[in-house]
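Peer 1: One line per chain: the protein sequences are A, B, C, D, E and F, in this order. Every letter in the first sequence is one number past the one before it in our numbering, and letter 1, counting from 1, is 1. Every letter in the second sequence is one number past the one before it in our numbering, and letter 30, counting from 1, is 30. Every letter in the third sequence is one number past the one before it in our numbering, and letter 13, counting from 1, is 13. Every letter in the fourth sequence is one number past the one before it in our numbering, and letter 40, counting from 1, is 40. Every letter in the fifth sequence is one number past the one before it in our numbering, and letter 55, counting from 1, is 55. Every letter in the sixth sequence is one number past the one before it in our numbering, and letter 33, counting from 1, is 33.
In case anyone wonders, no lab produced these hints; they're calculated from the structure. Since we're looking at a predicted model, the values are computed, not measured. A few of these clues could be false.
Heads up, simulated BS3-like pairs for lysine-lysine below, C-alpha to C-alpha not over 30 Å straight-line [stated by the list, open to error]:
| hint | chain 1 | residue 1 | chain 2 | residue 2 |
| --- | --- | --- | --- | --- |
| 1 | E | K61 | B | K61 |
| 2 | D | K61 | F | K61 |
| 3 | A | K61 | C | K61 |
There are 6 protein chains.
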Amino acid sequence: MPTIRVELMTGRTVEQKRALAAALTEATVRTLGGNASSVDVVFFDIERHDWATGGELWLDKMAAPPASAG
Amino acid sequence: MPTIRVELMTGRTVEQKRALAAALTEATVRTLGGNASSVDVVFFDIERHDWATGGELWLDKMAAPPASAG
Amino acid sequence: MPTIRVELMTGRTVEQKRALAAALTEATVRTLGGNASSVDVVFFDIERHDWATGGELWLDKMAAPPASAG
Amino acid sequence: MPTIRVELMTGRTVEQKRALAAALTEATVRTLGGNASSVDVVFFDIERHDWATGGELWLDKMAAPPASAG
Amino acid sequence: MPTIRVELMTGRTVEQKRALAAALTEATVRTLGGNASSVDVVFFDIERHDWATGGELWLDKMAAPPASAG
Amino acid sequence: MPTIRVELMTGRTVEQKRALAAALTEATVRTLGGNASSVDVVFFDIERHDWATGGELWLDKMAAPPASAG
Chain A
1 MPTIRVELMT GRTVEQKRAL AAALTEATVR TLGGNASSVD VVFFDIERHD
51 WATGGELWLD KMAAPPASAG
Chain B
1 MPTIRVELMT GRTVEQKRAL AAALTEATVR TLGGNASSVD VVFFDIERHD
51 WATGGELWLD KMAAPPASAG
Chain C
1 MPTIRVELMT GRTVEQKRAL AAALTEATVR TLGGNASSVD VVFFDIERHD
51 WATGGELWLD KMAAPPASAG
Chain D
1 MPTIRVELMT GRTVEQKRAL AAALTEATVR TLGGNASSVD VVFFDIERHD
51 WATGGELWLD KMAAPPASAG
Chain E
1 MPTIRVELMT GRTVEQKRAL AAALTEATVR TLGGNASSVD VVFFDIERHD
51 WATGGELWLD KMAAPPASAG
Chain F
1 MPTIRVELMT GRTVEQKRAL AAALTEATVR TLGGNASSVD VVFFDIERHD
51 WATGGELWLD KMAAPPASAG
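Put together the whole structure using the sequences plus the hints.
Peer 2: Laid out in structure tokens, this is it:
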């Protein structure tokens, strides 16, 4: 403990996850104290067709032409 | 907020998820009020070999012949 | 299955949760088919000091005077 | 209810999950009473590059030579 | 790892949780091997008004007179 | 997105959560880029009698006298 569970859009590289795991662990120990070895970070990749905001899949949001398009 | 997380058996199409995300968001706004843009829906596909009820994997439940079979 | 897990800001009444559980279950069966008895809905109340967006607790966001205030 | 959600490192076989689902369900009914049919077990496979402890991905921990290596 | 997260209806005693944590950990080590010290069990108490099945809160299901009542 | 969900032992102050939410959001934006406004952090307080490691509740681990005690 603490356990940090991160849901993020699919597509991040292992290198980005390596850096984020280190950064989140460091931020936690810096803020709460305690030992880094007790901090777990778990990543969950979410596909764009599995995440909706405002009732619309991000798959569709990201496929739509920008609002300003003529 | 609210964040709605849906675990469902693997096999639903993107179209079904599109419809379900919209329906869940609409039901939430209709019931609680607030703005659809603040509602997130996240889907988690669960394989039949990753879900058990009564101690039995759904993989096995669905492979077994119907009880009435001769 | 499906299991629907809803995180929402603390403060909703039992009556609101009663209505939301029914509405989410109905929306799920209407959209995916299947039997309502197989749909579970679980609510998680989140305190304003336990939810942050943009690095700021909602406790603080909601305590701040509206931007337009003189 | 109860719902038991198990996060485990990717790589377990269906047979291991079959046995673990049965064992967890039996342990729950033996300890809490109630009916096995009301116990759900859900498995989540986590890749080694998606799980970090102490700020280090298990992908890297498991790739590093044992400490005692000359 | 593995991490076992158990959602159960509010009302279990610390003694029941003590026994269930031990039983689930033992079942996991017996089935998957590995070390008990790497197994975490986390309990989440769910109120009857926060859990619905078939669109009906368990608060209401448990308040209703048994079907056979005259 | 990303959504960061932090389970931590009960007892942290609002001030600690304020600082941790900011630190985790900053670490995420620094590492992945993107906009802080799209980062959500949610805290879940876990009681010592609801968290077990190695089959033993932390309630009991923390109540036991230190190993070296005469």
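Peer 1: Determine for every hint whether it applies to the structure shown.
Peer 2: Evaluated hints:
A threshold of 30 Å between alpha carbons decides the hint, and for E:K61 with B:K61 the separation of about 27 Å falls inside it, so the pair holds. The suggested pairing of D:K61 with F:K61 holds, with an alpha-carbon distance near 27 Å, which does not exceed 30 Å. Between A:K61 and C:K61, the direct Cα distance comes to roughly 27 Å. Compliance with the 30 Å bound is thereby established for this hinted pair.
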